[in-house]
Amino acid sequence: MTSPARPKQSRSLRLYARLLELYPPSFLQRHRAEMLQNFADLEEVAESKAKLWLLMGKDLAMSLMSHFFGSRLGHYVIAVLVTWMLIFAIGYFFYGPTPGRPALHAFAGFLPGMLAMYFATRLYGTPPNSISHFFRSRFDISVIGVFVAWILLFVIGYYFYDPTRGHPALQVFGGALLGMLAMYIATHVYGMP
Amino acid sequence: MSKSEPRLPLTPAVFHILLALFGEERHGYDIMQQVRADSEDAVKMGPGTLYGSLDRMIEVGLVAKGNTRDPRRIYYRLTALGQATLRAETERLSRVARVARRQLGTA
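Protein sequence lines correspond, in order, to chains A and B. Convert by adding 66 to the 1-based position in the first sequence; the result is the number in the numbering used here. Convert by adding 1162 to the 1-based position in the second sequence; the result is the number in the numbering used here.
It cannot be assumed that every hint is accurate.
EDC-like cross-link-like pairs, simulated, lysine to aspartate or glutamate; straight-line CA separation at most 20 Å [as the list claims (entries may be wrong)]:
| hint | chain 1 | residue 1 | chain 2 | residue 2 |
| --- | --- | --- | --- | --- |
| 1 | B | LYS1206 | B | ASP1192 |
| 2 | B | LYS1206 | A | GLU100 |
| 3 | B | LYS1206 | A | ASP107 |
| 4 | B | LYS1206 | B | ASP1217 |
| 5 | B | LYS1206 | B | GLU1221 |
| 6 | A | LYS115 | A | ASP125 |
| 7 | B | LYS1206 | A | ASP125 |
| 8 | A | LYS124 | A | GLU109 |
| 9 | A | LYS117 | A | ASP107 |
| 10 | B | LYS1227 | B | GLU1202 |
| 11 | A | LYS124 | B | GLU1186 |
| 12 | A | LYS124 | A | GLU100 |
| 13 | B | LYS1206 | A | ASP206 |
| 14 | B | LYS1206 | A | GLU110 |
| 15 | A | LYS117 | B | ASP1203 |
| 16 | A | LYS115 | B | ASP1217 |
| 17 | A | LYS124 | A | GLU113 |
| 18 | A | LYS124 | B | GLU1202 |
| 19 | A | LYS124 | A | ASP107 |
| 20 | B | LYS1227 | A | GLU100 |
| 21 | A | LYS124 | A | GLU87 |
| 22 | B | LYS1227 | B | GLU1187 |
| 23 | B | LYS1227 | A | GLU113 |
| 24 | A | LYS117 | B | GLU1202 |
| 25 | B | LYS1227 | B | ASP1192 |
Per the computed footprint, the stretches of chain B lying under chain A, defined by three or more beta-carbons under 8 Å from a beta-carbon of chain A, are [unchecked claim]:
| hint | region |
| --- | --- |
| 26 | 1182 to 1195 |
| 27 | 1208 to 1222 |
| 28 | 1229 to 1237 |
Quick list of simulated restraints, FRET-style, between CB atoms [claimed, not checked]:
| hint | chain 1 | residue 1 | chain 2 | residue 2 | range |
| --- | --- | --- | --- | --- | --- |
| 29 | A | LEU181 | B | GLY1185 | 17 to 23 Å |
| 30 | A | ALA215 | B | ALA1259 | 57 to 63 Å |
| 31 | A | LEU181 | B | GLU1221 | 24 to 30 Å |
These aren't lab readings, by the way, just hints derived from the structure by calculation. Idealized CB from N, CA, C, for every residue including glycine.
Build out the structure end to end from the sequences listed, making use of the hints.
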């Protein structure tokens, strides 16, 4: 017996379905089917793929930010950013502008580091709300692998080029590592929104 | 927000969703299209914004799930509070527009 043929999904729809994984599971449970149906409807009447994805990109960014900053994890991220800015301002006030601006470079790495870890956790990991589950999943092992590789790169760079003021790449690397670590711990302590 | 009285002002997204649902149950895609038409293409809402707003509006009692049965779609409808809120916000916007016209000398 042959099963009824399912309508072929477009590449855009498959990509959108993958991007939906960035939303909280409880939200997806309620709306995933309808959101996919809406996307298919919008795709059918869209003048061009570019216009469709412009709308979807804006929609994803705005609604994901709204979900994220309304969660406990989002509040934690805001607190971390405010603390970072305070430390930066206090340091600037007391010590003046440090030549080479290492704090700024580290911050430039910290933000994408946090963001990368958040997306990786949303797409590949399901961290439980307990640090005791450490080492148990493939995701955790991958994260540790990335950390180790990052530290190795950092140490090698430091060894060959010294911690001189003229090496912003190393400072960005260090900041990214810190950002990833901060987000990794936060997702385990507060859980994903 | 209290479930008994309207809280103003509304965000443009919430106002347009209420307006789209006035007098008619609609599903998500239909709401998006109606919002676009009502705003003359000024408000283009995607599914993420729409369902995020609908969740919050259901939580505060402005909107409820509709009675229309369709296996593929969920329909939404305005509640009494949603209707009162829409009327109150429309009245508020009219007053603001009146003041603005007077200031600009276009009244």
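Tested hints:
{"no.": "1", "hint": "B:LYS1206 / B:ASP1192", "result": "holds, 13 Å"}
{"no.": "2", "hint": "B:LYS1206 / A:GLU100", "result": "holds, 18 Å"}
{"no.": "3", "hint": "B:LYS1206 / A:ASP107", "result": "holds, 15 Å"}
{"no.": "4", "hint": "B:LYS1206 / B:ASP1217", "result": "holds, 19 Å"}
{"no.": "5", "hint": "B:LYS1206 / B:GLU1221", "result": "violated, 23 Å"}
{"no.": "6", "hint": "A:LYS115 / A:ASP125", "result": "holds, 15 Å"}
{"no.": "7", "hint": "B:LYS1206 / A:ASP125", "result": "holds, 9 Å"}
{"no.": "8", "hint": "A:LYS124 / A:GLU109", "result": "holds, 16 Å"}
{"no.": "9", "hint": "A:LYS117 / A:ASP107", "result": "holds, 14 Å"}
{"no.": "10", "hint": "B:LYS1227 / B:GLU1202", "result": "violated, 27 Å"}
{"no.": "11", "hint": "A:LYS124 / B:GLU1186", "result": "violated, 28 Å"}
{"no.": "12", "hint": "A:LYS124 / A:GLU100", "result": "holds, 19 Å"}
{"no.": "13", "hint": "B:LYS1206 / A:ASP206", "result": "violated, 40 Å"}
{"no.": "14", "hint": "B:LYS1206 / A:GLU110", "result": "holds, 16 Å"}
{"no.": "15", "hint": "A:LYS117 / B:ASP1203", "result": "holds, 13 Å"}
{"no.": "16", "hint": "A:LYS115 / B:ASP1217", "result": "violated, 28 Å"}
{"no.": "17", "hint": "A:LYS124 / A:GLU113", "result": "holds, 17 Å"}
{"no.": "18", "hint": "A:LYS124 / B:GLU1202", "result": "holds, 19 Å"}
{"no.": "19", "hint": "A:LYS124 / A:ASP107", "result": "holds, 18 Å"}
{"no.": "20", "hint": "B:LYS1227 / A:GLU100", "result": "holds, 14 Å"}
{"no.": "21", "hint": "A:LYS124 / A:GLU87", "result": "holds, 16 Å"}
{"no.": "22", "hint": "B:LYS1227 / B:GLU1187", "result": "holds, 9 Å"}
{"no.": "23", "hint": "B:LYS1227 / A:GLU113", "result": "violated, 32 Å"}
{"no.": "24", "hint": "A:LYS117 / B:GLU1202", "result": "holds, 17 Å"}
{"no.": "25", "hint": "B:LYS1227 / B:ASP1192", "result": "holds, 14 Å"}
{"no.": "26", "hint": "1182 to 1195", "result": "holds (count 4)"}
{"no.": "27", "hint": "1208 to 1222", "result": "holds (count 8)"}
{"no.": "28", "hint": "1229 to 1237", "result": "holds (count 3)"}
{"no.": "29", "hint": "A:LEU181 / B:GLY1185: 17 to 23 Å", "result": "violated, 44 Å"}
{"no.": "30", "hint": "A:ALA215 / B:ALA1259: 57 to 63 Å", "result": "holds, 60 Å"}
{"no.": "31", "hint": "A:LEU181 / B:GLU1221: 24 to 30 Å", "result": "holds, 28 Å"}
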